[in-house]
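Engineer: Just so you know, the sequences run in chain order A and B. Under this note's numbering, the first sequence has 107 at position 107, and the numbering climbs by one with no breaks. Under this note's numbering, the second sequence has 26 at position 26, and the numbering climbs by one with no breaks.
Note that these hints are calculated values from the structure, not bench results. Keep in mind that a hint or two might mislead.
[Claimed, not checked] Quick list of the computed label-pair ranges, beta carbon to beta carbon: (1) 169/B - 122/A: 17 to 27 Å; (2) 131/A - 10/B: 54 to 64 Å; (3) 171/B - 85/A: 24 to 34 Å; (4) 12/A - 32/B: 24 to 34 Å; (5) 134/B - 140/A: 29 to 39 Å; (6) 15/A - 56/B: 13 to 23 Å; (7) 15/A - 157/B: 42 to 52 Å; (8) 56/B - 121/A: 36 to 46 Å; (9) 44/A - 169/B: 16 to 26 Å.
Think of the CB as a built atom: it goes at the ideal place given N, C-alpha and C, for glycine as much as any other residue.
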Amino acid sequence: METDQRQVELVDATVASQFARAALLTVLLGAAAQIAIPIPGPSPPITLQVLFVFLAGLILGPIWGSFSMILYLTAGAIGVPIFANFGSGIGILFGQSGGYLWSYPLAAALIGLLVHRDYRSHGLRDPATASISLVVAALVAGTILIYGMGAAYMAMLLELTAWQAITAAVIPFIPGEIVKIIAAVALVRSGRLPTVGHQSGR
Amino acid sequence: MLTYEPDDTLAHRLDPRSKVAIQIGFAATALSHTAPRALAVLTLVMLMILATARVSLLQTLYAYRFAFVFLGGAPLLASITLGPPWVDLSAGVDSLLASYRVLLILLVSAAYIRSTRVRDSRAAIQRTIPGKPGQLLGIGVALVFRFLPVLRADVKTIRDAMAARLGTERAAHERAGTVALLGLERAFDRADRLSLALQARCFAWNPTLPPLSFSRLDAPALGIAIVLALSALL
Chain A
1 METDQRQVEL VDATVASQFA RAALLTVLLG AAAQIAIPIP GPSPPITLQV LFVFLAGLIL
61 GPIWGSFSMI LYLTAGAIGV PIFANFGSGI GILFGQSGGY LWSYPLAAAL IGLLVHRDYR
121 SHGLRDPATA SISLVVAALV AGTILIYGMG AAYMAMLLEL TAWQAITAAV IPFIPGEIVK
181 IIAAVALVRS GRLPTVGHQS GR
Chain B
1 MLTYEPDDTL AHRLDPRSKV AIQIGFAATA LSHTAPRALA VLTLVMLMIL ATARVSLLQT
61 LYAYRFAFVF LGGAPLLASI TLGPPWVDLS AGVDSLLASY RVLLILLVSA AYIRSTRVRD
121 SRAAIQRTIP GKPGQLLGIG VALVFRFLPV LRADVKTIRD AMAARLGTER AAHERAGTVA
181 LLGLERAFDR ADRLSLALQA RCFAWNPTLP PLSFSRLDAP ALGIAIVLAL SALL
């Protein structure tokens, strides 16, 4: 084997810190994908995946938040069992829930862009300092993106009409999504969410 | 649960990049065909791919059983109409054929999972995706694999502690919020220690990658991948 003579190009401390947090948020999303919390009524139990997509955008911002979600898709695709029901494999990305999964990086980026609008000049802000209406609007926009892509892909893949896809893939999950938005907003308002600003630590 | 199993099958000896190419080629052609004859050919291809990795069809079907709810339900839903005649069988059959191709794609991906180590996938990612994003994704995949059991245990500890304090009686949004917040605190605490440890060990953009190389076997495998991808255009 040849000896590599190149100089070592070290990763900047800030990047290393953001990367480690993004990677562990990915793991947490994978661990939480298996948790089901029952909610009252006929709706299916909620899983916490989408809550962590929200938190990726809110805490890590648009760049690292979407990186964290791309890492989730990549790790799941190569066989780490982090998709729902301990699933993994490239097939799942093309399967009936593929539209939801592909939307995660976009939703985290959208939420991050809306909440951290000045991140290029001022770094990431503490989400607790953002107005509640902005946070709610960002989370609702992210949810619409996730379910829009999820239902559209499912309709195309399984040859369903738009209404059939919405009936199967959106309506049953609306109560659960409202619960997750309330949980995310309560976490932001509590001021206890960790922050990852460029200058400040936690 | 599907996972890597050490073995010496043909699929185990192939480079991960060839196997990814075959999966993408297969998915491309499956997503563009729903005719019964095309699906019959693809079923044969799927069975051959599973045989090269010595994957048990029954075990794989069991591992993907949760997908059946949707794949089985979609044709039923598609066959219902909101007015007379109430049932449209041809729409149901179209959706059934469309669901079947999704099952084929899922089964093919099981061959990759059984025959490919995470570190080989990581090396393939770092060699295929250029620049810093490729390096971070490769290392990230390795970290996700390493930390998954650790954070699963953390989440279980949190949920057990909540249950012991009657947290299960609380409203769903409070339960979800508590798991998320405590999970994040623990995960970021671990992340901070991890980033310190990475820097102490010379965390670099140009690390020595795990060895990986194409062999003679990969040429026909890549050829099959190209044929599969081109057959999407037929």
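Engineer: It remains to establish, for every hint, whether it holds in the given structure.
Structural biologist: Each hint, compared with the structure:
Here the CB-CB span from residue 169/B to residue 122/A is close to 42 Å, at odds with the stated 17 to 27 Å. In this structure the hint that residue 131/A and residue 10/B lie 54 to 64 Å apart at CB holds, the actual value being about 59 Å. Distance hint check for residue 171/B and residue 85/A: the Cβ-Cβ separation is about 25 Å, which falls inside the suggested range of 24 to 34 Å. Between residue 12/A and residue 32/B the Cβ separation comes to about 44 Å, which falls outside the hinted range of 24 to 34 Å.
One distance hint, 29 to 39 Å for the beta-carbon pair residue 134/B and residue 140/A, holds here, with the actual separation near 34 Å. As the Cβ distance of residue 15/A to residue 56/B is approximately 43 Å, the hint placing it in 13 to 23 Å is violated. Between residue 15/A and residue 157/B the CB atoms are about 30 Å apart, so this pair departs from the stated range of 42 to 52 Å. Distance hint for residue 56/B and residue 121/A: a CB-CB separation of about 56 Å, inconsistent with the stated range 36 to 46 Å.
The hinted window of 16 to 26 Å between residue 44/A and residue 169/B holds, with their beta carbons roughly 21 Å apart.
Hints 1, 4, 6, 7, 8, counting from the list given before, are not met by this structure.
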